[in-house]
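Position chain V relative to chain Y; hints supplied.
Protein chains: 2
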Amino acid sequence: MMKHVNYSEIDLEHPQEPGVKNIKVRWLISKKDGAQNFAMRLFEIKPGGNSPLHQHDWEHEVFILEGGGFVKDQTTEQPLQPGDVLFIKPMEWHQIINRGSTTLKFLCLIPYQK
Amino acid sequence: MMKHVNYSEIDLEHPQEPGVKNIKVRWLISKKDGAQNFAMRLFEIKPGGNSPLHQHDWEHEVFILEGGGFVKDQTTEQPLQPGDVLFIKPMEWHQIINRGSTTLKFLCLIPYQK
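Chains as they are written, first to last, in my numbering: chain Y, 746 to 859; chain V, 746 to 859.
To be clear, the hints were calculated from the coordinates, so they are not data collected in a lab.
You may find that some hints are simply not true.
It does not matter which identical chain is used: a pair holds within one copy or between any two.
[Said to hold, decoys possible] Below, simulated DSBU-like cross-link-like pairs (lysine-lysine); rule was C-alpha separation at most 35 angstroms, straight line:
1. LYS817 / LYS766
2. LYS766 / LYS791
3. LYS791 / LYS850
4. LYS777 / LYS850
The following block holds chain Y by itself, in its conformation from the complex (with noise of 0.2 angstroms):
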């Protein structure tokens, strides 16, 4: 049988990057088990918490799954629910921010290089 798992079971980990406040993240799909095209993670901010306002040579997938949030750019501010979904191209501006009371939870995938 294929790689099946609830979300939940896989481990909580704080990321490591400058800018990043009150963020744990689930690797649901990643290299160690065999994926060789993009990555599945699973974000979770808590109130009071943001992603850093940067830029990057590669794309996101966004899914919104629980609670409600905004996403910036430099310019322009949108508030997120769930179901909405972002493709933030390569080298786009973006930010995510909760400033609300409950847990932001979003699925965010990556490629990876070849």
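Positioned in the frame of chain Y, the structure of chain V alone reads:
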């Protein structure tokens, strides 16, 4: 601002593949958006529906959003619940079945060939 939509705003299409029963799909992020490495789709399987039991040379990364169901390979079957993660490697046999009374919704991501 980056692409930002709710999944419910994206067209619900009928997959054309043989063996598909009571399934619809939304292509949340695809080549149309400029995605070059992988695509994010959201599938909905109605009660009594199923995907074909099949295999192919690309992987699936799956996250169960709502409802319940079963995942099968050629010999075994396991129940699915929200928050479950499947990594189906290239050439692994797989089928997803909804025997419940509510719609099964899940994300299924696939790589693009380069």
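Going through the hints against the structure:
1. Within a single copy, LYS817 and LYS766 get their C-alpha atoms as close as 16 angstroms, which meets the 35 angstroms cut-off; across copies the closest is 40 angstroms, which misses it.
2. Taking CA atoms no more than 35 angstroms apart as the test, LYS766 paired with LYS791 passes inside one copy only; the shortest distance there is 9 angstroms, against 40 angstroms between copies.
3. Taking identical chains as interchangeable, the C-alpha atoms of LYS791 and LYS850 lie at most 35 angstroms apart whether they share a chain (9 angstroms) or sit on different chains (26 angstroms).
4. In this homomeric assembly, LYS777 and LYS850 come within 35 angstroms of each other (Cα to Cα) both inside a single copy, at 23 angstroms, and across copies, at 26 angstroms.
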